[in-house]
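Enquirer: Using the sequences provided together with the hints, build the complete structure.
Residue numbering for the sequence shown is 1 to 284, as defined by the UniProt record's numbering.
Possibly wrong hints are sitting among the right ones.
[As the list claims (entries may be wrong)] Using 20 Å as the maximum straight-line C-alpha spacing, the simulated DMTMM-like pairs for lysine to aspartate or glutamate come out as follows:
id, residue 1, residue 2
1, K235, D39
2, K233, D120
3, K235, D278
4, K254, D278
5, K234, D198
6, K233, D39
7, K203, D221
8, K233, E76
9, K234, D39
10, K203, E105
11, K234, D120
12, K196, E224
13, K196, D120
[To be verified] Simulated DEER-style distance windows between Cβ atoms:
id, residue 1, residue 2, range
14, L164, G217, 23 to 29 Å
15, N81, V229, 42 to 48 Å
16, E181, T56, 23 to 29 Å
17, K254, L148, 38 to 44 Å
18, R258, L148, 42 to 48 Å
19, P82, V242, 42 to 48 Å
20, A55, M215, 30 to 36 Å
21, I13, D198, 32 to 38 Å
22, P277, L148, 38 to 44 Å
23, D78, L246, 21 to 27 Å
24, A55, V229, 31 to 37 Å
25, D221, T56, 37 to 43 Å
26, K254, W179, 44 to 50 Å
If you're looking for bench data, these hints aren't it; they were derived computationally from the structure. Note that the structure is predicted; figures quoted are calculated from it, not measured. C-beta atoms are modelled at their ideal positions from N, C-alpha and C, and glycine is treated no differently.
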Amino acid sequence: MPEFVLSPNILVIPILITLVVVELGISKAMGRSVYNFQDSITSINIGIMSQFVNATGAVISAFMYAVIEMKYGTFEWDMTNPLTWIFALLLYDFLYYWVHRTGHEVNMFWASHITHHSSDEFNLSTALRQASTGFYFKWIFYMPLAVLGIPVQVFVVVGLIDLLYQVWVHTRLVGRLGWIEYVLVTPSNHRVHHGKNDYCIDKNYGGMFCAWDRMFGTYADEREEEPIVYGLKKKLNSWNPVWSNLHYWASMFKKAGRQDNWRDKLMCFFAPPAWSPDGRSAPK
Numbered sequence: 001m002p003e004f005v006l007s008p009n010i011l012v013i014p015i016l017i018t019l020v021v022v023e024l025g026i027s028k029a030m031g032r033s034v035y036n037f038q039d040s041i042t043s044i045n046i047g048i049m050s051q052f053v054n055a056t057g058a059v060i061s062a063f064m065y066a067v068i069e070m071k072y073g074t075f076e077w078d079m080t081n082p083l084t085w086i087f088a089l090l091l092y093d094f095l096y097y098w099v100h101r102t103g104h105e106v107n108m109f110w111a112s113h114i115t116h117h118s119s120d121e122f123n124l125s126t127a128l129r130q131a132s133t134g135f136y137f138k139w140i141f142y143m144p145l146a147v148l149g150i151p152v153q154v155f156v157v158v159g160l161i162d163l164l165y166q167v168w169v170h171t172r173l174v175g176r177l178g179w180i181e182y183v184l185v186t187p188s189n190h191r192v193h194h195g196k197n198d199y200c201i202d203k204n205y206g207g208m209f210c211a212w213d214r215m216f217g218t219y220a221d222e223r224e225e226e227p228i229v230y231g232l233k234k235k236l237n238s239w240n241p242v243w244s245n246l247h248y249w250a251s252m253f254k255k256a257g258r259q260d261n262w263r264d265k266l267m268c269f270f271a272p273p274a275w276s277p278d279g280r281s282a283p284k
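Expert: Quick look at the structure:
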């Protein structure tokens, strides 16, 4: 099981780095500047670190999934039936939407996901900028698949498909894609997700399909008249990959330590990132 889970994820890094080089070459040929050298090196370092740290999380996730599937799996699924894979992928992406949304709207989960949004650039290297602290909670969201009896092999493969799909949408070189914008996550609507413009905040959480955002009111189209500015409202002035993962945790615990009562201390972890005990919104 560990080899089955880890091998594809480890392969993601060299594939992504190759795509980064290709995108860099294309952008240069187009006369566009979409890369900052130090920013990209930081993204690559964060990505490599996250793969090694999250290896443990991948094993735990697959193990817990297999245990729950064997013990509580409700139905038997034919792995040779394409409908099994289609259903599993759709449900996985639906659950990913809620993982991702929680990662933005609950402070202690934002403390992990903020790493991915800490770049002021938006290119394929940004896809590498993944947190090393998210493994502790993400696996729980996918357990409905196990309870339904979806085989662990299917779970791992559709998860990898969903992950790899999300790589290509981290680019500024691809414009709007017509009717596809109504069905799939695209570079255009994912650029909105990474923007810090007011209209971009907490929008477009989908992994592969944008139907969930449209269904739950979190969808926003890219506005041609308002260029997107990327990164965090409160800029992270550091190229350190470790600090990129830990800076928000440090500020969150510090903020909780300043509170006078347990309710406000807990709110520092479980409220939205903009929550403040005095009722004023803090920058995300």
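Enquirer: Which of the listed hints are broken here?
Expert: 3, 8, 16 and 23
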